[in-house]
Amino acid sequence: MRFLVVLALAGIAVAQTSNYQMKSINADKKGYYSAKTTYPHFANLGKTGEIANAAISDWTKSAQTAWVKSAAKNPQAPRVPYEFLATPTVHRNDLRVISLYFTVYEFTGGAHGNTNFVCMNFGQANGQVRKLSIGDLFMPGFDYKRYLSDQILAQLQGVERAAWVAGAEVVEIKPAQLENFTIHKDGLYFLFPPYELGPYSSGTFKVLVPYTKLMEHLNKGVLFAR
-13 MRFLVVLALA GIAVAQTSNY QMKSINADKK GYYSAKTTYP HFANLGKTGE
37 IANAAISDWT KSAQTAWVKS AAKNPQAPRV PYEFLATPTV HRNDLRVISL
87 YFTVYEFTGG AHGNTNFVCM NFGQANGQVR KLSIGDLFMP GFDYKRYLSD
137 QILAQLQGVE RAAWVAGAEV VEIKPAQLEN FTIHKDGLYF LFPPYELGPY
187 SSGTFKVLVP YTKLMEHLNK GVLFAR
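Residues in the sequence shown are numbered consecutively from -13, following the working numbering.
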């Protein structure tokens, strides 16, 4: 019950821009775990903002609640307290498109924690404002999966720490990985957590495919129409 009260009262703005403010939810049990999720709440962005706010709110609360429930199952205090931290980065926020990702760090014992990314993109496609998939951004019939995979791998070939690309263990970016994207002002931004392109020691990877490589293939009505 205490955790439910914290969720209800801990949503406070910690930063604000012209059309969104950052809020956060917190839960902790001293010596056992701490959890914090920061998230944006958008204003004055019409239907796109409404859809985005609802989806973001649902995810933040369900993700942290599930983690806390799992962490609370440990009957004894761990040697090092468990930790959950979700931090957002907003890449686009206007009436047409809202795009952001969360960097999610989790530690539940062991040698190190784990980092993952949760990407969310919202806009109008096929006459409906909704969450966007990567396929919504391209013209029908274009093999965007192969094209994006080639573009991403070409950039990673020169990155020494992308060991599995250099060693030809990774020869394709899979369709599910392509969904881990945001819509950046300079192009499409793809995020890869540890273990996808190299060992844990290689860290995370963020690859920008610029619009100069994409423009002729994009569904411009989704991305750029006013």
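Careful: at least some of the hints might be erroneous.
[Said to hold, decoys possible] In the DSBU-like style, the derived pairs of lysine-lysine whose C-alpha atoms are separated by at most 35 angstroms in a straight line are:
1. K160 to K47
2. K160 to K15
3. K192 to K206
4. K192 to K160
Quick caveat, the hints were computed from the structure, so don't treat them as lab data.
Index of numbered hints that the structure contradicts, given in increasing order
Failing hint: just 2.
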